[in-house]
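Protein chains: 2
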Amino acid sequence: MYREQIKVLDCTIRDGGLINKHDFSDHLVREVYKALSASGVDYIELGYKNSRKLFSPKEYGKWKFCDDDDIKNVIDGIESKAKISVMVDIGRVDMDDVKQKKDSPVDMVRVACYVKEVDKAIAMMNNFSEKGYEVTCNIMAISKAIETELNEALHQLEEQTSAKAIYIVDSFGSLYQETTEFLIKKAKQYVKTKEVGFHGHNNQQLAFSNTIESIIHGANYLDATIYGIGRGAGNCPIELLLGFLKNPKFDIRPIYDVISKEFIPLLNKIEWGYFIPYAITGMLDEHPRAAIALRAGKDKENYREFYEGLVGAQ
Amino acid sequence: MYREQIKVLDCTIRDGGLINKHDFSDHLVREVYKALSASGVDYIELGYKNSRKLFSPKEYGKWKFCDDDDIKNVIDGIESKAKISVMVDIGRVDMDDVKQKKDSPVDMVRVACYVKEVDKAIAMMNNFSEKGYEVTCNIMAISKAIETELNEALHQLEEQTSAKAIYIVDSFGSLYQETTEFLIKKAKQYVKTKEVGFHGHNNQQLAFSNTIESIIHGANYLDATIYGIGRGAGNCPIELLLGFLKNPKFDIRPIYDVISKEFIPLLNKIEWGYFIPYAITGMLDEHPRAAIALRAGKDKENYREFYEGLVGAQ
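As given, the protein sequences belong to chains Z and R, one line each in that order. Going by this note's numbering, the letters in the first sequence line up with residues 239 to 552, in that order. Going by this note's numbering, the letters in the second sequence line up with residues 239 to 552, in that order.
No lab work stands behind these hints: they were computed from the structure. No experiment lies behind these values; they were computed from the predicted model shown. Don't take every hint at face value.
Copies of one chain are not kept apart here, so a pair can be met inside one copy or by any two copies together.
[As the list claims (entries may be wrong)] Straight-line Cα separation of at most 25 Å, DMTMM-like style, residue types lysine to aspartate or glutamate; simulated pairs:
| # | residue 1 | residue 2 |
| --- | --- | --- |
| 1 | K538 | D495 |
| 2 | K484 | D523 |
| 3 | K259 | D335 |
| 4 | K484 | E317 |
| 5 | K536 | E509 |
| 6 | K507 | E539 |
| 7 | K484 | E546 |
| 8 | K507 | D537 |
| 9 | K499 | E543 |
| 10 | K245 | E416 |
| 11 | K499 | E509 |
| 12 | K354 | E372 |
| 13 | K426 | E416 |
| 14 | K484 | E385 |
| 15 | K484 | E419 |
| 16 | K354 | E385 |
| 17 | K499 | E539 |
| 18 | K538 | D489 |
| 19 | K272 | E546 |
| 20 | K272 | E543 |
| 21 | K272 | E539 |
| 22 | K432 | E419 |
| 23 | K484 | E524 |
Model the full structure from these sequences, guided by the hints.
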């Protein structure tokens, strides 16, 4: 009934950290790591490797930087079969901050890039591969990609890297089932020796169903987060994904526990989930930044004005 | 780009009324009717026709009974091309309460039934047809139907009624894309001279995507509610559905207005949406009543115990 090749990657701290500048307490990160390890997920992504020259540690929490010692500290003593992942952006990482794999608790480095940055991504991926890490490429804003450029990027990633997986990332939450099917089939067509992955956003309440759609068409690397936490509308809720997957290695109960104890209280402090401005940017295939700005201000329920502003109505 | 045959039915007051015993104010119902009429939806369902012998007007609001005069009062003076619908349950309606269509503001009567009740439903549907109403049959708890019985019911509804549409109703919010596809294709196989409809529930955040899935496979009658209001996790949000459909007759802006002004404040009084207990009953293909009871009590965040109780774990 299940597909053994499927790998679930939780990016609760990494994508959720985009809400609060990655300023999660060690307690929260430890509880998340503990619950996810008990649940049997394959990878746990703890944040970004960003350069301190570009982002001040005074302004950002430690999961913006993911120092090896901070990771070691937070996972210490917790039994886990999960691998640890970090994400890097093009041009925002000091390559020397990433040590050799043998000296680090990190197992995988995921390189996020736009289609136009794929050559830079490939160079970085190969550097991390040489250091001993598993790598992936996460192609962001896929809904805006020009098809010929996307085709070429997928071809290059297949030919020039040793990636574990190439991800289709629906950054704007604008994909529907048919567009997801189209993109996953396209990726499968070019990416023959690696896995295809999917990362959804929940602007239109479609992150989970698009993840299912990607599974139907052959994606095996699946991103999700606890209670769907993530920037704006958030991501595919991992509790729904584990409930859908049939692999007996997964145990959903530790996820329920950590939602009850940590994430329900957290919702009183930071906001994510289904709100109309995110649905609007998703429907219009736009970056959520305008919606995030609206929700942070005093006019956060002025949906019609927001919509009319974006579509240029009178 | 669009399919002219598609009809959108809003059941905000009818399904939303299951949260608050249909005790919505005339103001709210009027604002809902006004916004929906301006948005161009095809049908507006204002409640149930239930018997006062079974449900006390002291305990339930007027939209549990949908008297013609109450409907006339609330729609008076509002320009609208939408038709008005009411729902009836088997064994809960006094047939004499439903007058001749020519004397009523109601255009359509939808008969909700389980597969086993289909003979009763057909008799009622034909009674309402003779009185001049459009009718539909809404087959509830479809995920629990035994296939041979469902096949026979669909065959009978095709042969023995003049229904506008036969609805597949995912009462428990347990369907995924593939199960939705299977059921819509099955219905289309039996129901040749009528339309097929879909009514989703949002327990697993799949009401909207299952509605899209039903469109892909030929369903043309689509239920939705404003901001997804409805019992438990709620329904397919009509603002998402209108954003997906391409028919230029729809205008999404009045829906945004009424959400801002009425439904955001309403959420402070009554609860619907994505909560883990509803996700659990959906995943387990169970009626949400246990989840609704949990959410009404003091242990409403005790997800693990709730789950273990339902699956019979130690």
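For this session: Go through the copies and call it for K499 and E543: within, between, both or neither, with a Cα cutoff of 25 Å.
Result: between (37 Å within a copy, 13 Å between copies)
Problem set entry | Intra- versus inter-subunit Cα pairing at 25 Å for K354 with E372 | Answer is within; shortest intra-copy Cα gap is 23 Å, inter-copy 55 Å.
Problem set entry | Within, between, both or neither: K484, E524 at alpha-carbon 25 Å | between (34 Å within a copy, 18 Å between copies)
Exercise. Are the CA atoms of K484 and E546 at most 25 Å apart within a copy, between copies, both, or neither?
Worked result: For K484 and E546, only the inter-copy Cα distance (18 Å) is at most 25 Å; the intra-copy one is 44 Å.
For this session: First find the shortest C-alpha distance between K507 and D537 inside one copy, then the shortest across copies, and answer within, between, both or neither for a cut-off of 25 Å.
Result: This pair counts as both: shortest intra-copy Cα distance 19 Å, inter-copy 21 Å.
Exercise. Should K245 paired with E416 be assigned to within, between, both, or neither, using CA atoms and 25 Å as the limit?
Worked result: both (23 Å within a copy, 21 Å between copies)
Exercise. When no copy is named, should K499 and E509 be tagged within, between, both, or neither for a Cα gap of at most 25 Å?
Worked result: This pair counts as both: shortest intra-copy Cα distance 17 Å, inter-copy 20 Å.
For this session: Classify it for me, K484 with D523: is the Cα-Cα distance of at most 25 Å met within a copy, between copies, both or neither?
Result: Result: close only across copies, 15 Å inter versus 33 Å intra.
Exercise. Between the shortest in-copy and the shortest cross-copy C-alpha distance, which are at most 25 Å for K484 and E385: within, between, both, or neither?
Worked result: This pair counts as between: shortest inter-copy Cα distance 23 Å, intra-copy 34 Å.
Problem set entry | K484 and E317: within-copy, between-copy, both or neither at 25 Å Cα | within (23 Å within a copy, 51 Å between copies)
For this session: First find the shortest C-alpha distance between K538 and D495 inside one copy, then the shortest across copies, and answer within, between, both or neither for a cut-off of 25 Å.
Result: between (32 Å within a copy, 13 Å between copies)
Problem set entry | Copy assignment of K432 with E419, given that the CA separation must stay at most 25 Å | within (18 Å within a copy, 30 Å between copies)
Every hint, counting from the list given before, is met by this structure.
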